[in-house]
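Protein chains in written order, with my numbering: chain A, 1 to 258; chain B, 1001 to 1314.
Hints are all accurate, no fakes.
Cross-link-like lysine-lysine pairs, in silico, DSS-like; alpha carbons within 30 Å at most: (1) Lys181(A) x Lys1083(B); (2) Lys158(A) x Lys86(A); (3) Lys1083(B) x Lys244(A); (4) Lys1083(B) x Lys1307(B); (5) Lys1238(B) x Lys1307(B); (6) Lys244(A) x Lys162(A).
If you're looking for bench data, these hints aren't it; they were derived computationally from the structure.
Here is how the chains run, residue by residue.
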Amino acid sequence: MIIDINAYLGHFAFRRLRHNTAAALLVLMDSKRVDKAAVSSASAITYRNAQAGNEEVAAETSGHRDRLIPFAVINPFYAGWQDDLKICHEEFGMVGLRLYPKWHNYQLSSPCCRELASAATERGMVISIPIRVEDNRQRSWLLNVPDVPLEEIVELVKAHPKARFILLNGIGYTGCPLGRKDNGLPANYAIEMSRLSAVLANELGQLITNLGAERVMFGTGMPFNYPDPALLKLEVLDASERDKEKIRWQNAATWLRL
Amino acid sequence: MTIRQTTSSSREHRPHISRRTLLKGSAAAAVAIGAAVLPSACEAVEQSVPGTSSGPFRKGKVIDCHAHLTHHSRATWEADDRKLIEAADKLGIDQLCCSTLTPRWPATLDGFRECNQWTADGMRRFPGRVLGYCYVNPGYGREALEEVRRCVGERGFIGVKLYNEYTCTEPVVFPIVELAIELGVPILHHASHSHYFVEDQPRMSDGGHLAELARRYPEAMLICAHISGGGDWEWTIKALRNAQSVLLDTSGSVTDQGTVEMAAAVVGVDRLVFGCDSSMTAGVGKIREANLSAQEKEKILGGNLEKLLRRRKT
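The following block holds chain B by itself, in its conformation from the complex:
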């Protein structure tokens, strides 16, 4: 098996792991498939692609709902971002929904603005491959709202990323949720549930908080981040059983056997979205192996997220 070199200017990618093997759950050798040439990130969400047989919402696209570009304070950021795309190439991931996070929290206004600028740059460097989440600290109130409006409305970001500056049930977060509803974009919310107090993240949200937020805003499109990297995943899945509007992101480094199947059984496959959160083979492997039908995996791998992104109003 040769590993193809990929550059930022690459306009096509040939994955080592094909969509077919992902859907079949087979460990057989991968069969490379060609992928559609995709337009800019903003267009990728909204429009079909001229000159290709299928548009960006063609059946079966694989979208990583939880990815990150590297903060530019890291000297190797450019190479690291390129490695992310190369990894996606190898693993048959068509698109990555990325945010750039500040290295320290709580994020400052300048800090998250700078991150979002770099995310926008990433969308340009990897057109059609990188979709952007706008990361904000809700504590900045009006400025945070303006940043979301600018990123979604003018820069073509596909959603909002919230981290741990506030628990999602705190009123300071509500205006961001209301704006996301107005714009018709999802919020990917960092979440974890451990059976101990996580000292370095005192305002961590968990599945229970997201269920509470969903009861307050049933029209909000909420994604509970990384069930496989957020503590007791059985707790999280059960906490979200009745929160019908909350989707669960399968990303994270934990590869516990049965996670995806339990999530599918408890909340249904229509509420699961594939992600890696930088744990690339863990993210892809658990979906490939999960004891689900090809149709169910197609929904998780991209169908459910595409459906969500079509609700965009701007």
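Next comes chain A alone, as it looks inside the complex:
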């Protein structure tokens, strides 16, 4: 069993994506033996009204809920986000969020974002935060969206000890408190592995040592990314099969209550 906690549907404004419909993504997942994937709207990253992207994902995944687990993209500075959250959770059956503070131009420390984190936690939804969408060096001439600083994540997890966060598309955790042993932070966050190294610096191995395999989750970033690099990391990772199973699917299944 493999569960990908970091997958997407829809269009991205600055590059054509392949395998970005439910049908096509399922074919790709089959070819990679990925059983389930948590998906959110790639379009909602640049839509002003992110809820339109959530509606697209809800419709696209409607016949495939056994394999595609829809997540909502919510912008807490956009009108009606409370209504959107309620609809996404209660009508669309979305069990988690994806937040884009830099793309949607708000601070994780802002009262609106804190309110969203509390509301999602009250609903039992997990909150995932992609540290980046794509490599900044290839950005369009139209914009310059920085990665989410890990220091801002540190403050967020401290402020919401009862919330559950999954950090996506990140790197460099071992260089900050998030990836260090006995860091004094609540154990309310897990780290997705698509950009972590499994050889050379082996950040993945360091995180398993420092935080435990229970805090690391498998993800690919498909269809933005090729899934094989992430699969390859698990294949070459120097870890017990028990730990690999936790990373492959068990942790995600626990967090998403599958």
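Got chain A sorted already, so can you dock chain B onto it with the hints?
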């Protein structure tokens, strides 16, 4: 899956990721394959290997065209270099074409000479696994040319590595290109194209510059470095479409779906060479997954580079 310990004296390696899985693009469990025992770096380029069933140019060798050994100012350089070989072992990479870069640029004469000495040492420490690029700053003129001649002619380096000291279309670079043509060795040129000015690399080359250089020197063997770590890869691929003599190195940390397929469609698989540039699983994974035939992947993984290295004249 157990991870085998590898030492610098290891004379064989058993990859966790086999050539077969790389070529098939399968995520199935890897089947370890034995690899040929290889001779010294210099011999590895030129000669067959006594006592092995296939020479160094046996079909299907996997060669990382863009790798680096660690600068010795880093306390962990020896362990870091060993980790690179261990990673190659795990991932089924037979050989790594390495340069050692200075930690600061522009590189001084003593700085790049020292780096090349360490690359030569690396070739001896990991015989047959590490092939050397001679790194120079073209601004040193005669001394830079002498260094290239010494490294290629006497030390058995397989090519030249140029970084960002000068844009490749600046005349100061031309004598290095002319010498590489004379010696019959490739130049791996650092390159990137971003849609903004990269302040810390004001003389960065991009695919357009390399295409211009190739028009001036059509016989030069130019490799455009890391299309997956050099900004807008779609721009780079398109900029190099008509520069037939320029190869594109697939290395870099970016794993954008479709990169390899677009490069193959636009410039052709004969102009693609596999590399990692230290992003090991990214480098291998994108080739394993790419929607290309096994024959096409064999060319990218090593066939195209081997063909290039056979053009060596010294």
